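Numbering (the working numbering), first residue to last: 878 to 1108.
Hints listed in this document are in silico derivations from the structure and should not be mistaken for laboratory results.
Please read these numbers as outputs of a predicted model, since none were measured by experiment.
Hints should not be assumed to be uniformly reliable.
[To be verified] DSSO-like mimics (lysine-lysine), calculated; alpha carbons at most 30 Å apart, straight line: (1) K987 x K1098; (2) K973 x K1060; (3) K1056 x K1080; (4) K1098 x K1080; (5) K987 x K1080; (6) K973 x K1056; (7) K973 x K1080; (8) K973 x K987.
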Amino acid sequence: MAEAGLAPMIAVVGCDGSGKSTLSADLLAWLRESREVDTVYLGLRSGEIGNRIKRWPLIGRAFERQLSKKAGQAREKGGKIPGAPTAFVIYMFSVKRMRAFNRMLALRRKGVTIVTDRYPQVEVPGFYDGPGLSAARAEGWLVSLLARRERAMYERMISHVPDLVIRLNVDVDTAFARKPDHKRASLEAKVAVTPHLRFNGAKIIDLCSTDPYPVVLEQAKAAVMGVLSIK
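Produce the complete structure using the sequences and hints provided.
This is how it looks when you write it as structure tokens:
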């Protein structure tokens, strides 16, 4: 049941390479036949930004490697966030996600049903749409402040529980075959974590994204129909 005053929200989640974007787009097209609906991407597209930085003349590749290394250190549980500049960059990525989330809430208040590609969570900090400053240790007043403020943003976002989470499960080999530009270790971590995310008690349907896609799509539609009472 949708939150009071807000139109329903369907979240499509899963590891990179599980087919989230394709399924979200097809559900959006199908739902538009019966209601006002829109989609919101709740990821960060940090990989795309990194690729743009790599194309900077002379310094691009070296600068991107340095940023990636420091961001990786911030995601290491038990480690230390490597300084205020890195913390600020990670924090601003989360601000970007929060702005997209607020746009989504504004649409829901207008009666627009939402299909999201990805959804924030706090169960696994540091990656997989979780708070980037909550895994490693925050030292210093500024880094600690940014970490607290970022955590508060995520707590606010997850307080809005999706009416349905469609969780796409995929094996590592399939995910890597579909996303060969991704790090296999990162995909392995996401595949392992995916079945354990609960999204604040949301109703979840698990689908196997290695099944034939028409089967996956029909299963997703059936789940959505049950939640939205579509005949």
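Taking the hints in turn, this is what the structure says about them:
With a C-alpha separation of about 24 Å, the suggested pair K987 and K1098 falls inside the 30 Å cut-off, and the hint holds. Restraint check for K973 and K1060: the C-alpha separation of about 24 Å stays at or below 30 Å, so the hint holds. Our distance criterion of 30 Å between C-alpha atoms is met by K1056 and K1080, whose separation comes to about 28 Å. For the hint pairing K1098 with K1080, the CA-to-CA distance comes to about 15 Å; that is within 30 Å, so the pair holds.
A threshold of 30 Å between alpha carbons decides the hint, and for K987 with K1080 the separation of about 23 Å falls inside it, so the pair holds. Only pairs whose Cα atoms come within 30 Å are accepted, and K973 paired with K1056 is accepted, the gap being roughly 24 Å. Distance check on the hinted pair: K973 and K1080 sit about 26 Å apart at the alpha-carbon level, within 30 Å; holds. At most 30 Å may separate the alpha-carbon atoms for a hinted pair to count; K973 and K987 meet this at roughly 22 Å.
When held up to the earlier numbered hints, the structure conflicts with none and fits them all.
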